Every structure is written in C-alpha cells, then in structure tokens.
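Visitor: Taken in order, these protein sequences are the chains called A and B. The opening position of the first sequence corresponds to residue 46 in our numbering, with each subsequent residue numbered one higher. The opening position of the second sequence corresponds to residue 9 in our numbering, with each subsequent residue numbered one higher.
Worth double-checking, as some hints may not be accurate.
[Said to hold, decoys possible] Here chain B is said to cover these stretches of chain A; the calculated rule only asks that three of the stretch's residues, wherever they fall, bring their Cβ under 8 Å from a Cβ of chain B:
| id | segment |
| --- | --- |
| 1 | 110 to 121 |
| 2 | 141 to 148 |
| 3 | 151 to 158 |
[Claimed, not checked] With a Cα cut of at most 25 Å, we get these calculated SDA-like pairs of lysine to any residue:
| id | chain 1 | residue 1 | chain 2 | residue 2 |
| --- | --- | --- | --- | --- |
| 4 | A | Lys76 | B | Leu114 |
| 5 | B | Lys66 | A | Tyr148 |
| 6 | A | Lys76 | A | Leu158 |
| 7 | A | Lys76 | B | Gln50 |
| 8 | B | Lys57 | A | Ser94 |
| 9 | A | Lys102 | B | Gln10 |
| 10 | B | Lys76 | A | Glu145 |
| 11 | B | Lys76 | A | Thr146 |
| 12 | A | Lys76 | B | Pro38 |
| 13 | B | Lys66 | A | Asp140 |
| 14 | B | Lys57 | A | Arg143 |
| 15 | A | Lys63 | A | Arg113 |
| 16 | A | Lys76 | B | Leu56 |
| 17 | B | Lys66 | B | Val19 |
| 18 | A | Lys102 | B | Ile111 |
| 19 | A | Lys102 | B | Ser34 |
| 20 | B | Lys57 | A | Asp75 |
| 21 | B | Lys57 | A | Arg113 |
| 22 | B | Lys57 | A | Thr71 |
| 23 | B | Lys77 | A | Val144 |
| 24 | A | Lys76 | B | Ser35 |
| 25 | A | Lys76 | A | Arg113 |
| 26 | B | Lys76 | B | Asn121 |
| 27 | B | Lys76 | A | Arg143 |
| 28 | B | Lys57 | A | Lys63 |
| 29 | B | Lys77 | A | Lys102 |
| 30 | B | Lys57 | A | Asp140 |
| 31 | B | Lys66 | A | Glu145 |
| 32 | A | Lys102 | B | Tyr40 |
Please keep in mind that the hints were generated in silico from the structure rather than gathered at the bench. These figures come from a predicted structure and were not determined experimentally. Note that beta-carbon positions come from the ideal geometry of N, C-alpha and C, so glycine has one too.
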Amino acid sequence: EADIYQTPRYLVIGTGKKITLECSQTMGHDKMYWYQQDPGMELHLIHYSYGVNSTEKGDLSSESTVSRIRTEHFPLTLESARPSHTSQYLCASSDPGRVETQYFGPGTRLLVL
Amino acid sequence: AQSVTQLGSHVSVSEGALVLLRCNYSSSVPPYLFWYVQYPNQGLQLLLKYTSAATLVKGINGFEAEFKKSETSFHLTKPSAHMSDAAEYFCAVSGPGNNRKLIWGLGTSLAVNP
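Using the sequences and the accompanying hints, generate a full structural model.
Guide: Here's what the structure looks like:
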C-alpha cells in the first residue's frame, strides 16, 4: 500500500492569495493525480502526471497548475485563490502493472473567503 | 466509452442488517473494477478490486463484491452492517488504453442506524 501525504490538511485563506497544496508519496510511483471533490461527493480529475516533467489536464477544467520535478512530489498551485476554489483536493498515486490501483492521500480541505 | 452508475445516492440500514450498494458499469473492454470507501474528512481507501480473476472478490472490513458480466454489475455487499461502516462508497472502472484513468461513480452515502 502506498504512503501518500498531503499538507496542509485544512487551509482557510483570503481571496487573491497564492497557495500551494503539497502532495508526496514514498512508493516511487510514476503516475500521480489530483482530484477536486465537491460537497456532493463527486470526484473530478483536474490534473495527472505519468512521470517527471509530465503533466496533463484532467477532465474538469481548473485554474490550478501542477508541476512534477521529482517523482515523489506533485504540488498543486493556485496563483490567485477565489471563493469558487473552495473544495476538497485529493492527491493519489498508482502502482505500475496490469491493474493500476490508485492510492489516496488524506486530502486538503480548502476554504477561500 | 466507460461509465459507472451507482444506484442510490443514500442508503440507510440498521446495524446488523445486510448492506447492498449497487454499481453498474459500461465498458468497451474487459473492465477492471474498484470499490473505495471514504470516511469523514479523509481520503479514499481501497476496499476491493476485480481484476478478471475470481468473480467473487473479498475485500477489507468484511465487504465483498461479485462481478456479473451478464448484468454489467459489481455490487458491494456485507452480511452484517456495523456502525463503523457509515461512510461514502465509490465504485470505479478503469479506462481503456494505456492511461487507465479511473472513471468514477457519483458515490453512495451509507448510514447505519442503531
């Protein structure tokens, strides 16, 4: 099972602030993902990466950006936070092989005032 | 195209009763199917997965699911609900091709009444 960490767990910030949500995993997984989860539970893929220097936009358009400079690290950045960005953000990584299983971090709950 | 439908956004059972959470899928290729659980203020945890081996899959916490190709279903069951089973449950199918992104259901919220 993957060990995957997210910080901070909770964040309350004002509109216009720049924020970075951290995600790290210790299993050496190449594939990593960011999901946005609304209060109604639905998961939306917003970014993914297949390895170092690889990033792709997901199915839901997002104003956030990501980077993948190191295998274990996949931070998500919002240059100017807005109340519409209020949500829970979940990071995941998947193991290689025929059946790629995604393992999730604990999530970051973001509130933009 | 792949899709997942979870019937019932909210399910309520009594403690000790059978838990049945429904998931139907659509897939153009032999699917890999997953059930995840999410407890309040936490990430998702893998309950079990179907990988085209045995059609009855056993997972953690006493849960199991049966893959039925003829019904395109992968329902999650537990014989006797416990209060600690109250959580959100998500069904997902692995997408086609090399990327294997997960296609998610909308989730089912399970309440367990004493």
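Visitor: Quick one, are B/Lys76 and A/Glu145 close enough, alpha carbons at most 25 Å?
Guide: At roughly 21 Å apart (the allowed maximum being 25 Å), A/Glu145 and B/Lys76 satisfy the hint.
Visitor: Check the hint pairing A/Lys102 with B/Tyr40 against an upper bound of 25 Å on the C-alpha distance.
Guide: At roughly 23 Å apart (the allowed maximum being 25 Å), B/Tyr40 and A/Lys102 satisfy the hint.
Visitor: Between A/Lys76 and A/Leu158, is the straight-line Cα distance small enough, at 25 Å or below?
Guide: Outside the cut-off at roughly 33 Å; violated.
Visitor: Given the hinted pair A/Lys102 and B/Ser34, is their Cα-Cα distance within 25 Å?
Guide: Status holds; Cα separation ~24 Å.
Visitor: Using a Cβ cutoff of 8 Å, are there at least 3 residues of the segment 151 to 158 of chain A near chain B, or does the coverage claim fail?
Guide: holds (count 3)
Visitor: Holds or violated: B/Lys66 and A/Tyr148, Cα atoms, limit 25 Å.
Guide: holds (18 Å)
Visitor: What's the verdict on B/Lys76 and A/Thr146, does the C-alpha distance respect the 25 Å limit or exceed it?
Guide: Holds, at roughly 21 Å.
Visitor: Quick one, are A/Lys76 and A/Arg113 close enough, alpha carbons at most 25 Å?
Guide: Answer holds: A/Lys76 to A/Arg113 is near 10 Å, not above 25 Å.
Visitor: Tell me if the straight-line CA distance from B/Lys57 to A/Arg143 falls inside 25 Å.
Guide: Holds, at roughly 13 Å.
Visitor: B/Lys57 and A/Asp75 were given as a pair; does the straight-line alpha-carbon distance stay at or below 25 Å?
Guide: holds (21 Å)
Visitor: Just to be careful, I want the Cα atoms of A/Lys76 and B/Gln50 compared with a cutoff of 25 Å; is the pair within it?
Guide: Between A/Lys76 and B/Gln50 the Cα gap is close to 21 Å, so the pair holds against 25 Å.
Visitor: Is the hinted pair B/Lys77 and A/Val144 satisfied, with a Cα-Cα distance of at most 25 Å?
Guide: This hinted pair holds, its Cα atoms lying about 18 Å apart.
In this structure, the earlier hints numbered 1, 6, 21, 26, 28, 29 are contradicted, and the remaining ones agree with it.
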